[in-house]
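Modelling step: build the complete structure from the supplied sequences, incorporating the hints.
These protein sequence lines map, in sequence, to chains L and Y. Just so we're on the same page, the working numbering is the position in the first sequence counted from 1, plus 2. Just so we're on the same page, the working numbering is the position in the second sequence counted from 1, plus 80.
Incorrect hints may appear among the rest.
[To be verified] Covered, in the sense of this in silico footprint (three residues per stretch, anywhere, with C-beta under 8 Å from a C-beta of chain L), are these stretches of chain Y: (1) 294 to 303; (2) 358 to 366; (3) 431 to 438; (4) 746 to 753; (5) 767 to 774.
[As the list claims (entries may be wrong)] Within a straight-line C-alpha distance of at most 27 Å, the following computed BS3-like cross-link-like pairs (lysine-lysine) qualify: (6) Y:Lys283 <-> L:Lys146; (7) Y:Lys205 <-> Y:Lys283; (8) Y:Lys782 <-> L:Lys142; (9) L:Lys142 <-> Y:Lys724; (10) Y:Lys782 <-> L:Lys146.
[Stated by the list, open to error] Computed spacing ranges between beta-carbons, pair by pair: (11) Y:Ser685 <-> L:Asn126: 30 to 36 Å; (12) Y:His186 <-> L:Asp81: 43 to 49 Å; (13) L:Ser120 <-> Y:Gly511: 57 to 63 Å; (14) L:Ser118 <-> Y:Lys188: 52 to 58 Å; (15) Y:Leu686 <-> L:Asp81: 41 to 47 Å; (16) L:Ser120 <-> Y:Lys273: 43 to 49 Å; (17) Y:Val324 <-> L:Ser120: 55 to 61 Å; (18) Y:Ala392 <-> L:Met7: 58 to 64 Å; (19) Y:Ala388 <-> L:Ser120: 42 to 48 Å; (20) Y:Pro307 <-> L:Asp81: 37 to 43 Å.
Think of the hints as simulated: they come from the structure by calculation, not from any bench. C-beta atoms are modelled at their ideal positions from N, C-alpha and C, and glycine is treated no differently.
One-letter residues, chain by chain:
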Amino acid sequence: MTEFMLNGTPVSSASPEDTPLLWVLRDELDHKGTKFGCGIAQCGACTVHLDGTPTRACVLPLSAVAGRQVTTIEGLASDAGEALKAAWVSEQVPQCGYCQSGQLMTAAALLEANPSPSDDEIVNAMNGNLCRCMAYGRIKAAVKVAAGRGEGQA
Amino acid sequence: MSRLAKPDLSRRRFLAGAVGGSCIMGLGLALPGCSPRSAVESLAAARPDATFAPSLWYEIDGTGAAHIFITKAEMGQHVGTALARIVAEELGAAWSQVRITHVDSHPKWGVMVTGGSWSVHTSFKALSQAGAAGRQLLQAAGAAHLGVPVEACTVADGQVSAGGNSVSFGTLVSAGLPEADLSAEALDALPLKAPEARQLLGKPVAALDIPAKSAGEAVYGLDATLPNMVYAVPLLPPTRYGSVLTRLEDGAAGSVPGFLQTLRIEDPSETIQGWGLVIAESLPAAWKAAEKVVAEWTPGPTAEVDEAALFAEGARLADDPAEGVRVVDHGEIDTVLAGATKTLSAHYRTASALHFTLEPQNALAHFDEAGHCHIHGGNQWQSLILPVLSKALGLAETDITLHQYALGGGYGRRLFGDQMIPAGLAARALGRPVKLVLNREQDSRFDCVRSPSVCRFDAALSAEGEVLGIDHGVAAGWPTLSMAPGFLAPGLNDSGRFDSFSISGADHWYTLPAHRVRAINNPLAQKTFLPGWLRAVGPGWIGWGVESFMDELAHAQGVDPIDFRLARLDGAGPNGGDSPANEGGALRLRAVLEAVRERSGWGRSLPQGSGLGVAVAHGQERGMPTWTACVAEVAVAGDAVSVKKLWQVIDVGTVIDPGGARAQAEGAMLWGLSLALYEGTAFEAGQVRDRNLDRYTPLRMKDVPELDIHFAESTAFPSGLGEPPLIAVAPAIGNAIFAATGKRVRDLPIRLS
Ligand code: FES
Ligand code: FES
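Below, the structure written as structure tokens:
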């Protein structure tokens with residue numbers, strides 16, 4: 003039995019310890035906002051926060067989260083997270099939307115660590131998240147909008 | 081108000097609608113086991129007097145909310161928003177009261193297909209008329225309610241108004257409206273709004289599907305679940321066709337917790353050949369077990385085929401002027417070529433390319449107690465896969481329902497729902513719901529690949545370099561031949577039948593004294609894999625050759641590539657356009673080309689190693705063109721090509737939704753860039769070689785150049801946008817590389833090494 007905190011609530015899973023966290027989240031704990039794209043840590047669709055650090059759930063064994071804090075898109079409620087979700091709507095970012103949970107989680111970790119990133123810092127942080135619809139221009143613009151708002155509140 | 085009971089009824093309906101709302105998340109897409117359409121139908125049946133349904137396409141409830149039924153797939157183009165706006169515009173609905181519902185497959189919807197950038201184009205008239213019909217009836221009812229003549233009333237924002245008084249749609253619907261069933265003639269006779277009277281179309285709007293997609297709440301096929309379901313993962317054979325599964329044993333899989341069994345798939349439709357399945361209680365268990373089962377095949381006949389063999393077969397056919405169905409043929413090209421002082425010939429090739437939808441293919445199948453088969457998953461062409469499923473499952477099409485979800489990328493892959501077949505067969509064999517999921521590598525191996533292609537061009541030139549005629553042979557695998565042979569089109573002069581989707585773009589708008597286009601099926605491609613429609617389809621790869629070769633001809637003649645094109649875009653004869661959809665013809669292409677020349681600063685001097693290249697396109701088809709002209713600025717250092725900026729001017733006719741249009745254009749242009757420089761794979765031993773992101777590498781954020789996108793002002797008939805802006809990008813880049821380096825690239829993806 004592996005116990006961890008999911009979006010602030012204690013949860014447990016009886017799955018084998020080598021089970022990728024992604025499938026525990028999606029199919030056992032019914033948190034389906036985290037997506038599966040590649041399974042080899044290359045697309046970012048499965049990005050969650052592990053103790054605040056963006057992490058690829060498709061290659062993260064369940065054993066690695068024991069006793070730790072996991073945040074998914076469903077629990078993304080930090081100031082940066084809220085600002086990003088609002089900016090995603092105001093900038094009309096998503097196309098098919100499938101990559102966007104991962105994009106938002108990566109962007110939230112960026113803004114939590116660096117509230118006013120430069121363009122290059124945004125691109126470096128977001129480059130590992132594939133958007134097959136190629137909505138990159140709007141993703142970048144929305145991160146900037148969210149960062150601006152974050153500054154305003156600070 | 082005389083009928084006080086009515087508002088109460090409408091309130092109950094509103095509450096019931098809110099319950100229905102729990103079944104309808106975000107997009108209004110079905111949650112597992114809960115069909116929004118049937119929820120709506122049962123509500124309507126309970127209180128028919130509080131529902132006004134003047135058309136198949138929408139109904140208005142007692143609160144005044146207009147529920148628009150969307151038969152098109154949502155895959156990033158915000159199609160529900162675009163279509164709902166067309167209805168709402170003519171209906172006079174308040175946009176804040178518009179809801180969309182993506183419907184399940186049902187015969188009443190007619191043909192269900194989303195592709196070819198057709199959605200707005202093909203739905204515009206019918207949805208406008210449906211909206212206008214509702215407006216007319218509401219206006220009459222409103223006039224009666226207000227006690228004024230019909231002509232005195234205006235309809236807007238969900239209100240019928242006259243002389244300072246108004247009544248809402250909700251009140252009118254609650255009070256009850258007469259049944260309306262307008263004939264096709266009556267619909268045709270309805271007056272539609274003049275473009276300048278439009279309130280919604282052409283104005284910015286927030287897409288209705290975006291909030292859910294910005295909160296992880298949109299529901300995709302992969303998210304669908306049903307009680308008691310099991311997971312299935314495939315064991316794919318060495319070839320798409322003709323492999324026989326000779327051995328399938330549990331082996332060591334029995335030791336994997338959650339493993340249930342293996343299953344051999346026998347598909348009477350022969351779409352799925354040689355598959356085994358591993359069934360387990362979870363996906364990780366199924367994948368772990370799949371590594372331990374024993375599966376052996378006798379490979380099919382194409383197990384040794386590679387990309388070089390596919391190209392060789394394409395070139396052999398394209399090089400033979402006798403080969404190919406004649407699609408364009410005027411001016412006696414054989415004679416012109418034989419008599420020419422000079423000729424210029426070239427091969428242009430494009431390598432295999434993948435859809436790589438970020439959501440891998442999946443399907444959840446289930447038989448209910450009555451034996452009706454339900455399949456849950458995102459799909460672009462329900463009307464195509466239903467007959468195949470009918471054959472595979474031995475069921476009438478009316479005994480199968482496809483439940484629609486958001487598509488985690490379509491791009492043409494989900495035009496075919498072939499993965500639904502093994503899911504359905506397994507669900508029946510096991511007697512419980514089966515969720516079939518392909519992993520990423522399997523999704524790539526099982527893709528309906530964009531066929532490798534070879535174009536052969538032969539131009540006849542006069543002594544002065546004037547172009548006298550062009551022969552163009554185009555060889556590739558044909559999606560339509562495998563998946564929808566009924567759609568093959570007859571060629572000229574009884575020269576056979578051809579896949580129009582694998583030749584569009586060769587029938588360009590340049591006026592040439594002699595021109596022949598030969599559409600050639602590459603039979604080796606057809607046998608090796610299932611050729612697919614990939615975003616922008618034929619023009620997406622045919623445009624590469626056509627526009628690069630135009631550039632070669634311009635340079636051979638020593639003429640500026642834009643001047644060279646303009647001289648041939650004269651709108652003469654058939655190139656003047658022949659229908660409302662392509663009115664203006666080549667002159668509109670000319671206009672966008674002139675505009676992009678201006679915007680890009682064409683002709684300015686650039687640093688050493690940099691260059692500008694141009695290309696035009698008329699995607700997707702001659703009968704439904706979107707006119708585009710693209711300029712690329714590249715810098716070349718050694719073998720490395722860097723695209724600095726892309727300009728594109730687009731004439732799509734009336735722009736229905738400016739924000740959505742721009743998003744589609746951005747995505748399509750970056751796809752064009754990605755296919756030009758970053759994507760592309762090859763067949764190796766009968767299989768797709770590059771199957772995951774370690775080797776198949778679509779464009780990332782750091783690769784995005786500056787984009788300058790401009791839409792021509794137009795009130796012409798609206799065309800499509802999801803694909804056309806892709807087409808001219810690759811040839812513009814290739815032509816820019818020539819301008820920068822003098823090196824002509826003829827293979828896509830572009831590799832200078
Ligand atoms: S699914 Fe985890 S990075 Fe792609
Ligand atoms: S919006 Fe479709 S993959 Fe990013």
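Among all the numbered hints in the text so far, which are the ones the structure does not match? none
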